[in-house]
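Trainee: Here the protein sequences come in this chain order: F and D. Residue 138 in the working numbering sits at position 138 of the first sequence, with consecutive numbering throughout. Residue 213 in the working numbering sits at position 213 of the second sequence, with consecutive numbering throughout.
Treat the hints as calculated values from the structure; they're not laboratory data. Careful, some of the hints might be misleading.
When chains are identical, the list treats them as one kind, so a pair holds in a single copy or across two.
Claimed, not checked - Here are the simulated lysine-lysine pairs, DSS-like style, with alpha carbons at most 30 Å apart: (1) K254 / K115; (2) K218 / K136; (3) K218 / K115; (4) K254 / K98; (5) K254 / K136; (6) K122 / K254; (7) K137 / K254; (8) K102 / K218; (9) K218 / K137; (10) K56 / K102; (11) K102 / K254; (12) K254 / K56; (13) K82 / K218; (14) K254 / K82; (15) K56 / K218.
Keep in mind that this is a model prediction, so the values were computed, not measured.
There are 2 protein chains.
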Amino acid sequence: MTFSIIGTGNTAWFMATKLAAAGFSCTGIYGRNADSARSLADRIGSTSYDLSNGVKDDADICILAVSDHAIGEVVASLSFSKAVLVHTAGSVNINVIKDVAKHTGVIWPVYSIVKNNLPETKDIPIVWEASDEPAKKVISATVNAITNISHEADSSQRISLHLTAVISNNFTNHLFAIAEQICVERNLPFTLLYPIIQQSVNRLASLSPATQQTGPAKRHDTVTMHHQLDMLRQHPQWQRIYEAISVSIMEMYKD
Amino acid sequence: MTFSIIGTGNTAWFMATKLAAAGFSCTGIYGRNADSARSLADRIGSTSYDLSNGVKDDADICILAVSDHAIGEVVASLSFSKAVLVHTAGSVNINVIKDVAKHTGVIWPVYSIVKNNLPETKDIPIVWEASDEPAKKVISATVNAITNISHEADSSQRISLHLTAVISNNFTNHLFAIAEQICVERNLPFTLLYPIIQQSVNRLASLSPATQQTGPAKRHDTVTMHHQLDMLRQHPQWQRIYEAISVSIMEMYKD
Numbered sequence: 001m002t003f004s005i006i007g008t009g010n011t012a013w014f015m016a017t018k019l020a021a022a023g024f025s026c027t028g029i030y031g032r033n034a035d036s037a038r039s040l041a042d043r044i045g046s047t048s049y050d051l052s053n054g055v056k057d058d059a060d061i062c063i064l065a066v067s068d069h070a071i072g073e074v075v076a077s078l079s080f081s082k083a084v085l086v087h088t089a090g091s092v093n094i095n096v097i098k099d100v101a102k103h104t105g106v107i108w109p110v111y112s113i114v115k116n117n118l119p120e121t122k123d124i125p126i127v128w129e130a131s132d133e134p135a136k137k138v139i140s141a142t143v144n145a146i147t148n149i150s151h152e153a154d155s156s157q158r159i160s161l162h163l164t165a166v167i168s169n170n171f172t173n174h175l176f177a178i179a180e181q182i183c184v185e186r187n188l189p190f191t192l193l194y195p196i197i198q199q200s201v202n203r204l205a206s207l208s209p210a211t212q213q214t215g216p217a218k219r220h221d222t223v224t225m226h227h228q229l230d231m232l233r234q235h236p237q238w239q240r241i242y243e244a245i246s247v248s249i250m251e252m253y254k255d
Numbered sequence: 001m002t003f004s005i006i007g008t009g010n011t012a013w014f015m016a017t018k019l020a021a022a023g024f025s026c027t028g029i030y031g032r033n034a035d036s037a038r039s040l041a042d043r044i045g046s047t048s049y050d051l052s053n054g055v056k057d058d059a060d061i062c063i064l065a066v067s068d069h070a071i072g073e074v075v076a077s078l079s080f081s082k083a084v085l086v087h088t089a090g091s092v093n094i095n096v097i098k099d100v101a102k103h104t105g106v107i108w109p110v111y112s113i114v115k116n117n118l119p120e121t122k123d124i125p126i127v128w129e130a131s132d133e134p135a136k137k138v139i140s141a142t143v144n145a146i147t148n149i150s151h152e153a154d155s156s157q158r159i160s161l162h163l164t165a166v167i168s169n170n171f172t173n174h175l176f177a178i179a180e181q182i183c184v185e186r187n188l189p190f191t192l193l194y195p196i197i198q199q200s201v202n203r204l205a206s207l208s209p210a211t212q213q214t215g216p217a218k219r220h221d222t223v224t225m226h227h228q229l230d231m232l233r234q235h236p237q238w239q240r241i242y243e244a245i246s247v248s249i250m251e252m253y254k255d
């Protein structure tokens, strides 16, 4: 199978190197920045193109791997009849590309990809979607070349899953950052918390987090909660987080 | 060295088995429930006692490993002149035991201990405190028998660290539980999120979470944020969490 890629960022590097390694042939890497496009093309022995010169409709699948806010602008210049056009954005509906290609789809890796440290395993989950049967054949073959963990989901489901990734990954990281800052303020090593955090995440592999909840809010221990809120008085935003999460925990375990 | 333990729960099992394995000799396990005390005493080849008959002052260190709210009641019946008395509660001041023993302290494992699945490593962090030099000698020897990761901290620091454990462990677990419930509601497998969660936690070992923040709030992407808030309209408590954390992220990365 043949593929082309529009974009030269982290996702483009991931998709291009994985597909090339799987034996797919690349017809071209398209980028706004010619040097960036050449760098990725050199990595997989392909050709690079300046995006402003237009994208050739010469591959089985064309992977649009640009930032979410650039999709609309890039798509406006495309018109495909042969290639299946897919975008790679978790929170963007498939419809944004439906008018510029006969066959469309979405391929979203549920992972934080960094091009200088690409994952070597085939265990990066990919959620995908196809507009029709011909697109489905091409996209599923492409996805299966990259991962062992694929899941077909419509745009509404995928956008919900993107929300859960924000909640369980971006938001938890902010809680870690708050904990780290409190440790710095009190002259404590944040590393003391690493084992208990790692322990809880390891448990996720086999146990539902809903059954593993502990802490003052779960115990409805209002004395400790008031004391801890008072300790956060220098950080009213963190107090609001503390209150909102505690209320939600008490609500989830009210019986 | 010799030790005694008051309590028969998870922490009691952890401390007793670790100290016995390290060659410490146990003078007695004291419990309200005689069967529970005998069970732990049998495990380490010691003697068990009914707590209501009084605790002997016959060990180098007596470890009070009862639930936070029971400490006051149990302490009221103690009077030690020989044994160093320590409690094991992260959020409780050392002062609550100062009137019943000449030498006091705190030994707090920063970990979620489950007696049926005790950690085998010596990598469970322990935060400790001692009232005076004689207590310090006994407590540091006890701590070093259990862990390679010990940290001396006063009550104020330890209680702050307990708060950071609530934030980075109990609160994050609730976010995982919310994500899981959204997945169930939308017929998505929660397991798709496990690799990205594990990835973020693995990064904590070498990178500050404050430098790893991503997501709509970090990008000040208000369009996505409003859309995601709308997706949570059936769960107003979760909307309040979403808003509070997003505001805090935008504040932390406002420049």
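Trainee: Output the indices of the hints that this structure fails to meet, ascending.
Mentor: Checked against the structure, the hints that fail are numbers 2, 4, 5, 6, 7, 8, 9, 11, 12, 13, 14 and 15, while the rest are satisfied.
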